[in-house]
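Read top to bottom, the protein sequences are chains A and B. With this note's numbering as the guide, the letters of the first sequence map in order to residues 1 to 316. With this note's numbering as the guide, the letters of the second sequence map in order to residues 1 to 250.
A hint or two may mislead.
In silico DSS-like pairs for lysine-lysine, Cα to Cα no more than 27 Å straight-line [to be verified]:
1) A:K168 - A:K126
2) B:K108 - B:K196
3) A:K126 - B:K198
4) B:K3 - B:K241
5) A:K222 - A:K310
6) A:K273 - B:K241
7) A:K310 - B:K194
8) A:K283 - B:K229
9) B:K229 - B:K57
10) A:K85 - A:K169
11) B:K198 - B:K110
12) B:K110 - B:K241
13) B:K110 - A:K273
14) B:K33 - B:K198
15) B:K3 - A:K222
16) B:K33 - B:K241
17) B:K241 - B:K57
18) A:K126 - A:K222
19) A:K14 - A:K168
20) B:K108 - A:K283
21) B:K188 - B:K229
Short derived list, chain A residues pointing at chain B, Cβ under 7 Å [unchecked claim]:
22) S24
23) G111
24) P141
25) G162
26) H178
27) T179
28) L308
No lab work stands behind these hints: they were computed from the structure. C-beta atoms are modelled at their ideal positions from N, C-alpha and C, and glycine is treated no differently.
Single-letter residue listing:
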Amino acid sequence: MTRILIVAEHDGSKLNPSTAKCVSCARGLDAEGIDIAVFANGGDDIAAQAARIDGVDRVLQIDRRENAAPLAAVLAPQIAALAEKYSHVLGPSTTFGKDVLPRAAALLGVGQVSDIMAIEGPRTFKRPIYAGNAIVTVEAPGDGVLVATVRIASFEAAGEAGAADIEKKTLDVELPAHTRYVELRSDRSDRPDLQTATRVISGGRALGSGENFDILYRLADKLGAAVGASRAAVDAGYVPNDMQVGQTGKIIAPELYIAVGISGAIQHLTGIKDAGTIVAINKDADAPIFEVADIGLVGNLFDIVPELEKLIGDRV
Amino acid sequence: MQKIMVCLKRVVDYNVRIRVRPDGSGVITEGVKMSINPFDEIALEEALRIRERGEAKEVLVVSIGASQTQQQLRTGLAMGADRAILVEESDAVGPLTAARAFLALIEKEKPELVILGKQAIDDDNNQTGQMLAALWDRPQATFASKLELAGNQATVTREVDAGLEVIEFDLPAVVTTDLRLNEPRYVKLPEIMKAKRKPLDMTTLADLGVERAGSLRTLSCEAPTARGKGVMVENAQALVKMLQQRGLLS
């Protein structure tokens, strides 16, 4: 019997869209039941958001002081305690899920399938290896609980017309005190979230400075787009790490991706393979980014980007 | 602290263009350059810097793999590690089995800190450090871009999707590295000569009393579907027009 538990990702008040993408993956497994676990400290709002996702049967709300911050050492034993009743435990392949799920899997004495990109059977999945340069079909062994992370760029978010039951739960699990959350440093902006935006503009080292990213922000605001960056631009200190798109940054799947001054290292291309349309703007006609771009434009970005901004105006 | 243990994996060098075998059984690894997993190299660099600051006495490098993995451990010794241990296994080892083997080495060697890469660039699993911390029942600090030690505590800045997260934890613990933690040093020729005389011990999973965990079975391997060839446009106006034609701009 296929019963699936999904570990919700949230920031303490809002459910992350990665959760609804995990639900889509779970629905592909022909489950008899899909439950979402919300670990929080006062998670009423988050549980209510989770309950609206289509296809969800129950939301388990586990409120506990220790669950105020997403510490793997604290969450993993609770996930393991819940897992007994399920055939599958899923979480998003975001930094949250990558941190927590393997720890839970090890406590359960099972391996993990990382980055599910397609379902081939109840225990058979496709996943990328070598930065997406090869795709393997893997089968998980045995009858134990199957723990996996879901590559969120591969699944559409499930809809929000559901009305699942919310069940408050208390787990009798002893939690460690050896790890303490200090803070999250985040440049909050009003722009769309990079991982869920339908349009993304990214800048590379050719931007030359953090200040020069302003021309991208202005164009992004006209388009309602999120702004990302290549690893080279992050390493050069132009923009913070949370803007990095690529193998070691964020893997994204917007409808429109505009790469500005990005040469297109394989590590970057890994992060944008699932984009609908890729536009590349680069002064080097031989840049590898043009090999994957649907539309290419060779020229000086400092001329082209402001011109685009003017041309697009308010027509979007 | 007395000892830092660094776990290294032998992988296809990151500059090699990966090719899938025609029979779909995996990727071609014969005759290609093999190296230390880049994230593990960063882990070793961090351990060496801690020792060089006088905050640790010994850096031990360990690996699991075929006999040739001694080459990567020798490179680790040439970078500056004091000692190496290879758990020799010719068959591939999954993350849970690797974590069990590293735990067995921890029980023998009693390091106060274990550092390893957040993921290996071959399987991209991103699991071993977290599993090791779970089995050891100790803290984990994954995706570290900064590591500070103070007595028997550590503070790590983690690269997470929302920004930079800071956590504080008690030692012993497991830290996994992200790219911006440091830039590994280059190995100099005299160090390579010197490394030949450093101790490299051999053991096996059986010697360590480690049972293999059930691992994923690879049924097939294929190249990713390539994107179709794109078109070039002359200027910004033509680009806007094309985006409109494709319904991406109104």
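If you draw a straight line from the CA of K108 (chain B) to the CA of K196 (chain B), is it 27 Å or shorter?
It holds: about 24 Å lies between the C-alpha atoms, which stays within 27 Å.
Would the hint linking K33 (chain B) and K198 (chain B) be met if the CA-CA limit is 27 Å?
holds (24 Å)
Under the criterion of a CB-CB separation shorter than 7 Å, is L308 (chain A) in contact with chain B as hinted?
For L308 (chain A), the interface hint holds, since the closest Cβ of chain B sits about 5 Å away, which is under 7 Å.
Return the status of the interface hint for H178 (chain A): holds when the least beta-carbon distance to chain B is below 7 Å, violated otherwise.
Nearest chain B Cβ about 4 Å off; hint holds.
Are K3 (chain B) and K222 (chain A) close enough, with their CA atoms no more than 27 Å apart?
violated (55 Å)
Per the CB criterion, is P141 (chain A) less than 7 Å away from chain B?
holds (4 Å)
For K110 (chain B) and K273 (chain A), compute the direct alpha-carbon distance and say whether it is at most 27 Å.
violated (44 Å)
Given the hint that K198 (chain B) pairs with K110 (chain B), test it: the Cα-Cα distance must not exceed 27 Å.
holds (20 Å)
G162 (chain A) as an interface hint toward chain B, with CB separation required under 7 Å
Violated. Min distance 25 Å.
What's the verdict on K241 (chain B) and K57 (chain B), does the C-alpha distance respect the 27 Å limit or exceed it?
violated (65 Å)
Could you grab the alpha-carbon distance between K33 (chain B) and K241 (chain B) and see if it respects the 27 Å cut-off?
violated (46 Å)
Would you mind confirming whether the straight-line C-alpha gap from K110 (chain B) to K241 (chain B) stays at or under 27 Å?
Roughly 65 Å separates the two Cα atoms, so the pair is violated.
Of the numbered hints stated above, those contradicted by the structure are hints 1, 3, 4, 7, 9, 12, 13, 15, 16, 17, 18, 20, 21, 22 and 25, listed in ascending order.
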